[in-house]
Amino acid sequence: GENVEQHPSTLSVQEGDSAVIKCTYSDSASNYFPWYKQELGKRPQLIIDIRSNVGEKKDQRIAVTLNKTAKHFSLHITETQPEDSAVYFCAASIIQGAQKLVFGQGTRLTINP
Amino acid sequence: EAQVTQNPRYLITVTGKKLTVTCSQNMNHEYMSWYRQDPGLGLRQIYYSMNVEVTDKGDVPEGYKVSRKEKRNFPLILESPSPNQTSLYFCASSFDRAGANVLTFGAGSRLTVL
Chain A
1 GENVEQHPST LSVQEGDSAV IKCTYSDSAS NYFPWYKQEL GKRPQLIIDI RSNVGEKKDQ
61 RIAVTLNKTA KHFSLHITET QPEDSAVYFC AASIIQGAQK LVFGQGTRLT INP
Chain B
1001 EAQVTQNPRY LITVTGKKLT VTCSQNMNHE YMSWYRQDPG LGLRQIYYSM NVEVTDKGDV
1061 PEGYKVSRKE KRNFPLILES PSPNQTSLYF CASSFDRAGA NVLTFGAGSR LTVL
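These protein sequence lines are chains A and B, in that order. Residue numbers are given in my numbering: position 16 of the first sequence equals residue 16, and the series is strictly consecutive. Every number in my numbering is 1000 more than the matching position in the second sequence, counting from 1.
Bound-form chain A, shown alone (with noise of 0.2 Å):
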């Protein structure tokens, strides 16, 4: 089945830095990777996703990039504001069947002011 790691574990960035987030996945037939932000407390709320036929997608401060060759997909988050300091997972599945929906280890993301 499908196995997705996801690094670094924990992340702290400066204010109005960067933030990058890796993923990598092992079934080639995955075609859909979403990525989910946790606030404390709170549910996964989805943030981005990314289907197969595209490299890039950007949603306004957000970007999410694929490789399905290297099998490997990553969030980037410019202009880094406090409110992002969330905990993000990304995700790998067959479009068709959110079952098959499988999890990475999730992103303890901290930015400092």
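FYI, nobody ran anything at the bench for these hints, they're computed from the structure. Some hints here could point you the wrong way.
[Unchecked claim] Which chain A residues face chain B? A few, computed with CB under 10 Å, are given here:
id	residue
1	1
2	4
3	91
[Stated by the list, open to error] Chain B regions said to be covered by chain A (calculated; three or more residues, Cβ under 8 Å):
id	region
4	1034–1044
5	1103–1110
[Claimed, not checked] What follows is a set of in silico ranges between Cβ atoms, one per label pair, in the way DEER data are often shown:
id	chain 1	residue 1	chain 2	residue 2	range
6	B	1009	A	70	33 to 43 Å
7	B	1102	A	83	18 to 28 Å
8	A	8	B	1001	33 to 43 Å
9	B	1020	A	41	22 to 32 Å
10	A	79	B	1051	35 to 45 Å
11	B	1114	A	16	39 to 49 Å
12	B	1062	A	72	25 to 35 Å
13	B	1026	A	46	32 to 42 Å
14	A	112	B	1084	34 to 44 Å
15	B	1051	A	15	20 to 30 Å
Glycine included, every Cβ here is placed at the ideal spot set by N, Cα and C.
Go by the hints and put chain B onto chain A.
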């Protein structure tokens, strides 16, 4: 308001005392799932259901049971809880069709087994 509702939100129990965590969604989602969240391990799937009376094991099903008698409800049952089931549990749901499988999570249930 579209939502997934879990109860209880917090529970402390003792080893061996059966408990049920309820989950209900009002979005007419076909797919529902239970995850447990443990530090350093991310979100691991316990069980999932594709529709009424259709359930299947996830990655960590040992010690848990589920049922799906109605489309909106998907309770998680711990028949004989043990301390290693102390965790934060999330129920989630989504539509089950291509391009519409964004998960909506419940608020979480923090379970402590003594």
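Q) Can the hint on residue 91 (chain A) be confirmed by a CB-to-CB distance to chain B that is less than 10 Å? A) Holds: closest Cβ of chain B sits about 8 Å from residue 91 (chain A), inside 10 Å.
Q: Would you check chain A against the region 1103–1110 of chain B, counting CB to CB pairs closer than 8 Å, and say if three or more residues qualify?
A: Holds, because 5 residues of the region 1103–1110 of chain B bring their Cβ atoms closer than 8 Å to Cβ atoms of chain A.
Q) Taking 33 to 43 Å as the hint, is the beta-carbon distance of residue 8 (chain A) and residue 1001 (chain B) inside that range? A) Distance hint for residue 8 (chain A), residue 1001 (chain B) holds at roughly 36 Å.
Q: Check the following: the C-beta atoms of residue 1026 (chain B) and residue 46 (chain A) are separated by a distance inside 32 to 42 Å.
A: violated (19 Å)
Q: Would you check whether residue 1 (chain A) satisfies its interface hint, that is, whether its CB is within less than 10 Å of any CB in chain B?
A: holds (8 Å)
Q | Whether the CB-CB distance between residue 79 (chain A) and residue 1051 (chain B) falls inside 35 to 45 Å | A | holds (43 Å)
(Q) Taking the Cβ atom of residue 1062 (chain B) and the Cβ atom of residue 72 (chain A), is their distance within the range 25 to 35 Å? (A) holds (31 Å)
Q: Just tell me: holds or violated, for the beta carbon distance of residue 112 (chain A) and residue 1084 (chain B) against 34 to 44 Å?
A: holds (35 Å)
Q. At the C-beta level, are residue 1020 (chain B) and residue 41 (chain A) separated by a distance inside 22 to 32 Å?
A. With a Cβ separation near 24 Å, residue 1020 (chain B) and residue 41 (chain A) satisfy 22 to 32 Å, so the hint holds.
Q: Go check the region 1034–1044 of chain B versus chain A for me, would you? Three or more residues, Cβ under 8 Å, otherwise it fails.
A: holds (count 6)
Q. Do the Cβ positions of residue 1114 (chain B) and residue 16 (chain A) conform to the proposed distance bound of 39 to 49 Å?
A. Holds, at about 45 Å.
Q: Confirm or reject the claim that residue 1009 (chain B) and residue 70 (chain A) have a C-beta distance inside 33 to 43 Å.
A: holds (41 Å)
Of the numbered hints given earlier, the model fails hints 13 and 15; all others are met.
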